[in-house]
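I would like the entire structure built from these sequences, with the hints used as guidance.
Each chain is listed here by its residues.
Protein chains: 2
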Amino acid sequence: MSGNSVSSERPPAVVLLSGGLDSCVTAAVAARDNDLFCLHADYGQRTQSRETRAAGEVARFYGAILRNIDLSHIVVPGSSNLTDRSTPPVAGDLVRTGVPTTYVPFRNANLLAAAVSWAEVIGAGRLFIGVVEEDSSGYPDCREAFLASFQEAINTGTATEATITIVAPLLHLTKGDIIRLGVELQAPLQMTWSCYNDEELACGKCDSCLLRLRGFREVGAQDPLPYRSF
Amino acid sequence: MSGNSVSSERPPAVVLLSGGLDSCVTAAVAARDNDLFCLHADYGQRTQSRETRAAGEVARFYGAILRNIDLSHIVVPGSSNLTDRSTPPVAGDLVRTGVPTTYVPFRNANLLAAAVSWAEVIGAGRLFIGVVEEDSSGYPDCREAFLASFQEAINTGTATEATITIVAPLLHLTKGDIIRLGVELQAPLQMTWSCYNDEELACGKCDSCLLRLRGFREVGAQDPLPYRSF
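Listed in order, the protein sequences are those of chains B and Z. Using our numbering, read the first sequence as starting at 1 and increasing by one per residue. Using our numbering, read the second sequence as starting at 1 and increasing by one per residue.
One should not assume that every hint holds.
As the list claims (entries may be wrong) - Which bits of chain B does chain Z cover? Going by a derived footprint, with three or more residues having C-beta under 8 Å, they are:
1) 114 to 128
2) 142 to 150
3) 216 to 228
Everything labelled a hint here was simulated from the structure, so no lab data went into it. The C-beta atom is built at its ideal place from N, Cα and C for all residues, glycine as well.
The structure is reproduced here in structure tokens:
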């Protein structure tokens, strides 16, 4: 891949693709106007291989370039229940306050930084990330204030020729809104994976499953994923 | 390593340690008041193994914990002369303007993000980085404006219990000032490595060698490193 070459008429955009529902719908939004360069990161999640497979399928669906990177250095053993398999399965307690046990410190900053490095080289002007402030679970690096600060870090920390804008189309949507948007854009939601605990049948009990199921209920649609229990 | 445990009376601080002269002097400053947790990153530099060795020796000198991480994902082949061994050696042309060919896009954001993730887990309140704005060579992510923006991203993107402050003690120093400070603090400058091209004898010709040699000349001191030519 050479410097700023863009062979098609659609501008390149980098999309952070976890393999989950939110990033899939984000890719669907980005794909309306851009050629997609998807970045997927492994950092030792409990369901890492399932998520990587999901990201691969979604990227293929959109004819995107996909890069898989290893970000396992951001996790120190024992620091997050999302990555520490020696702790019990991730529970669902959407009503609690504060930062959840699945929080991986400053994860989105690491993801965005890697995405900016790539965007600058391929000449992408937009960087899509599927963070959700409203309906999500208290992760500090999913808030608009964080994205605004990081945007300023991009503006001051990249070469002057580079103009890279963070786009977070889901930031103020509910899970129901996101699913509705995904259905409208014919996003391949059946390819995504959300469960924090299992890789074959979704557990239906962790925060991520509960949020997803609540969203489908809100929309009155059927989640295409197989679940262990409801 | 457990959550916030600090066994000694000195607070923990994370220090980004490249193995070069600047980060060594930064470590010397940090070591006056802190227990050091040093983070070293490889990302495919031409002299990577020499730099890793230097970082290891400096960390040992300060009795620090050292983590080596792999950041090679931030580099796309062909995007930087610092990492692309298929291009000619890094030249020295300190008088040019603009961003140098050795620029690795948004490198310091990736380094800082990884350091913040670690700092948050070990409960470190200070994060030392040896960037130099004045005497350095036009890297956008070495400027104070970038650090200020990134600080804001830390403030908004980490858990509220975490208060992590970037400390850049060399930001407005010249290379001569830095060497003077290093000598004053008895920093192990003989353990550091600066050359962009070679691992046994420093080339004496690249930007990094030229800056270093100019600094030692300015101070009237002898650089302890072996050089190929002057």
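Hint-by-hint comparison with the structure:
1. Beta-carbon proximity to chain Z at under 8 Å applies to 7 residues in the stretch 114 to 128 of chain B; the threshold of 3 is reached and the given coverage holds.
2. Residues of the stretch 142 to 150 of chain B with a Cβ under 8 Å from some Cβ of chain Z number 6, which satisfies the need for three, so the listed coverage holds.
3. By the rule of at least three residues with a Cβ nearer than 8 Å to a Cβ of chain Z, the coverage given for the stretch 216 to 228 of chain B is violated, with 0 such residues.
Of the numbered hints given earlier, the model fails hint 3 alone.
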